[in-house]
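Undergrad: The primary structure of each chain is shown beneath.
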Amino acid sequence: MNTAIKDHAELAEAFNANEPRVNWHDETLWWVRQKRDKMAWSLPEWETLRETASLIKHNVLGNLHAYLEEFERNAQQNGAIVHWAADAEEHNRIVLELLQQQGVKRMVKSKSMLTEECHLNHYLADHGIEVIDTDLGERIVQLAKEPPSHIVLPCIHKKKEEIGDLFHIHLGTPAGNADPQLLTAAARLHLRSEFIQSRVAITGVNFAVAETGEMVVCTNEGNADMGAHLADVHIACMGIEKLIPQRKHLGVFLRLLARSATGQPITTYSSHFRTPKPGQQLHIVLVDNGRSRQLGREDFRNSLKCIRCGACMNTCPVYRRSGGHSYHNAIAGPIGAILAPNLDMKQYADLPFASTLCGSCSNVCPVKIDIHQQLYKWRQVLVQDGQTKAAKTAGMKIMTTVLSRPGLYKFAGKMARWVMRVAPGMVNNRFNPWYKQRELPPPPAESFETWYKKNR
Amino acid sequence: MSNSRDKIMAAVKQNQPPASQLPDLAPLISGAPASLEAFRKVAEGMGSHLLEVTDEAEIPALLQEHYPDMEQVITTDPLLHARAATFDWLTGDGRQLQQADLAIVRAQLGVAENGALWLTEKELQVRVLPFIAQHLAVVLDINTIVPTMHHAYEKIGGPQTGFGVFIAGPSKTADIEQSLVLGAHGAKSLTIIIKK
Chain B
1 MNTAIKDHAE LAEAFNANEP RVNWHDETLW WVRQKRDKMA WSLPEWETLR ETASLIKHNV
61 LGNLHAYLEE FERNAQQNGA IVHWAADAEE HNRIVLELLQ QQGVKRMVKS KSMLTEECHL
121 NHYLADHGIE VIDTDLGERI VQLAKEPPSH IVLPCIHKKK EEIGDLFHIH LGTPAGNADP
181 QLLTAAARLH LRSEFIQSRV AITGVNFAVA ETGEMVVCTN EGNADMGAHL ADVHIACMGI
241 EKLIPQRKHL GVFLRLLARS ATGQPITTYS SHFRTPKPGQ QLHIVLVDNG RSRQLGREDF
301 RNSLKCIRCG ACMNTCPVYR RSGGHSYHNA IAGPIGAILA PNLDMKQYAD LPFASTLCGS
361 CSNVCPVKID IHQQLYKWRQ VLVQDGQTKA AKTAGMKIMT TVLSRPGLYK FAGKMARWVM
421 RVAPGMVNNR FNPWYKQREL PPPPAESFET WYKKNR
Chain X
1001 MSNSRDKIMA AVKQNQPPAS QLPDLAPLIS GAPASLEAFR KVAEGMGSHL LEVTDEAEIP
1061 ALLQEHYPDM EQVITTDPLL HARAATFDWL TGDGRQLQQA DLAIVRAQLG VAENGALWLT
1121 EKELQVRVLP FIAQHLAVVL DINTIVPTMH HAYEKIGGPQ TGFGVFIAGP SKTADIEQSL
1181 VLGAHGAKSL TIIIKK
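As given, the protein sequences belong to chains B and X, one line each in that order.
The numbering used here puts the first residue of the first sequence at 1, with every later residue one more than the last.
The numbering used here puts the first residue of the second sequence at 1001, with every later residue one more than the last.
A portion of the hints provided could be inaccurate.
Here are the simulated EDC-like pairs of lysine to aspartate or glutamate, each with C-alpha atoms no more than 20 angstroms apart in a straight line [said to hold, decoys possible]: (1) X:Lys-1007 <-> B:Glu-90; (2) B:Lys-436 <-> B:Glu-69; (3) X:Lys-1013 <-> B:Glu-70; (4) B:Lys-38 <-> X:Glu-1044; (5) B:Lys-368 <-> X:Asp-1024; (6) B:Lys-35 <-> X:Glu-1177; (7) X:Lys-1013 <-> B:Glu-298; (8) X:Lys-1007 <-> B:Glu-69; (9) B:Lys-248 <-> X:Glu-1154; (10) X:Lys-1007 <-> B:Glu-89; (11) X:Lys-1007 <-> B:Asp-87; (12) B:Lys-158 <-> X:Glu-1177; (13) X:Lys-1155 <-> B:Glu-211; (14) X:Lys-1188 <-> B:Glu-194; (15) B:Lys-436 <-> B:Glu-19.
A few chain X residues facing chain B, derived, Cβ under 7 angstroms [stated by the list, open to error]: (16) Val-1128; (17) Tyr-1153; (18) Ala-1184; (19) Gly-1186.
Output of the computed footprint for chain B on chain X, the stretches with three or more beta carbons under 8 angstroms from beta carbons of chain B [as the list claims (entries may be wrong)]: (20) 1008-1014; (21) 1020-1034; (22) 1055-1063; (23) 1069-1082; (24) 1112-1120; (25) 1136-1150.
Hints in this document: simulated from the structure, not taken from any laboratory.
All C-beta atoms in this analysis are idealised placements derived from N, C-alpha and C, irrespective of residue type, glycine included.
The whole structure should be built from the sequences, with the hints applied where relevant.
TA: In structure tokens form, the structure reads like this:
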């Protein structure tokens, strides 16, 4: 999907072409958000948990250098081989070299947003290696040749009928059958044979413990375990911000993660990988790719606390109505919009504007990232850096002039009310972006100031 | 490669904010119940099936009744099933278990707040066992149920083996239109046998 030249607004417009589908998308995600609320409200200590998690992550950011050293030392003692990648390109090259050493042409991968961020699948495909994504949702979007549209629910944008059609073509399920039970059973059979055959498995990492050198991977399906335990070589790819200090801190994060993500008390599997199984190689690839730079941005470093639960997406009124693909970045939604400009300010300059700044994201974030405030701050950085469209900057300048001169403001308000009454077509036309997907309300008969003078 | 390591570490050192103290976890260790009833409610909500015994000798008959048509039964303790597989399933890379219909293992502890069971390589012997078997039965001593994850980690302590896992229910997915389906890649069912 080529989305590089289209911005969030244009992509959202395409998503909005089918209104019943947008409503369905919106309601499905809101339902997940409500499940999260139910879980949060059932724990009296929920807010203490969030605060504790945020403080632990704050400690990690302030001691990251020491924790990385400690983790590396312990992981090596455990028998793992640790690799360091400065950027996506180096990460991909390290993985490719490991695969070439094994001589494999096909391998399994469980969910890893980092490998999405690095576009690993495309890179390996260009070198003749096929990656089989094993998370059901990821396999579905992979068969559809699309990226995931949500970090926890990768194919949340797809209807079951579309999945039935995909499986009919690729897995030979009966035409026209869209029963989730049958489709999941077909995927189970298909992916079991992949697990059994694969000599190498790539997994992501949810948490890496400095104290023990172990990595925790959370899934509901069991795909990370099926891949990693059957393979001769396990490659775990993680961003350097995934570290936590001690094992006991897992208690805090495992209590928060699934409750925030899908409203479950915990994921089905929370697997603690410490040593390779006998005869196995365990490789850990630690990736920077802009994280150390973000660490140095005081206003934005808290974004590195993210545990990738997706709660900010499920609650976001913009995400729910524009779809994950409109963010044209591996990580969509509010958190994606504050992470992406760090990767490329020009390419992602539109994302911090794809928000109402309502603050709901910050309110549900399990590690209390000030997401909406960072969105607001990114806007300022982007405007100062000249990354916004000229028309928008000009419009803002006009607004500044009008709003700072009371006389001009009064006159403009009067003119606007008159125009909208006498010739609404002047405002309600296709040249006005605010008119898209909206009917403007009738103009008020008088300004608030006039009303207030009469009624005080 | 070592060059990248040095580069990353130098950038991290330069850019990291001033160090802060770790928070105290004590306020989180609440008086939440560690009762079987609390555990049962959540575990069943996660899709687990609970059975109770007062004597382990009851387990083989109970499992036979609950899982009547299992061809290959793998158990880490032959006393837990009358028809446990006798081939050398401990040897191999895990693929020797691909025909396993039912795996029976013991858990170290259970967590009341989320219905999760803690199992390590010591109990499992082959890491892939609880994932690759079509069905999973876990024996849990009622006295090992703890209230929360904090209590669980307190009891578990540091790692004793190379692999450990919390399992809470059968493998599941809701990736197709948020419809819950049990049996994604791992066990299609989980039966927890509580030994009172």
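Undergrad: None of the hints should be skipped; say for each whether it holds.
TA: Cross-check of the supplied hints:
no.	hint	verdict
1	X:Lys-1007 <-> B:Glu-90	holds, 13 angstroms
2	B:Lys-436 <-> B:Glu-69	violated, 53 angstroms
3	X:Lys-1013 <-> B:Glu-70	holds, 14 angstroms
4	B:Lys-38 <-> X:Glu-1044	holds, 17 angstroms
5	B:Lys-368 <-> X:Asp-1024	holds, 17 angstroms
6	B:Lys-35 <-> X:Glu-1177	holds, 15 angstroms
7	X:Lys-1013 <-> B:Glu-298	holds, 14 angstroms
8	X:Lys-1007 <-> B:Glu-69	holds, 13 angstroms
9	B:Lys-248 <-> X:Glu-1154	holds, 7 angstroms
10	X:Lys-1007 <-> B:Glu-89	holds, 15 angstroms
11	X:Lys-1007 <-> B:Asp-87	holds, 11 angstroms
12	B:Lys-158 <-> X:Glu-1177	holds, 7 angstroms
13	X:Lys-1155 <-> B:Glu-211	holds, 17 angstroms
14	X:Lys-1188 <-> B:Glu-194	holds, 18 angstroms
15	B:Lys-436 <-> B:Glu-19	holds, 13 angstroms
16	Val-1128	holds, 4 angstroms
17	Tyr-1153	holds, 5 angstroms
18	Ala-1184	holds, 4 angstroms
19	Gly-1186	holds, 3 angstroms
20	1008-1014	holds (count 6)
21	1020-1034	holds (count 8)
22	1055-1063	violated (count 0)
23	1069-1082	violated (count 0)
24	1112-1120	holds (count 4)
25	1136-1150	holds (count 3)
Comparing the model with each numbered hint stated earlier shows that hints 2, 22 and 23 do not hold.
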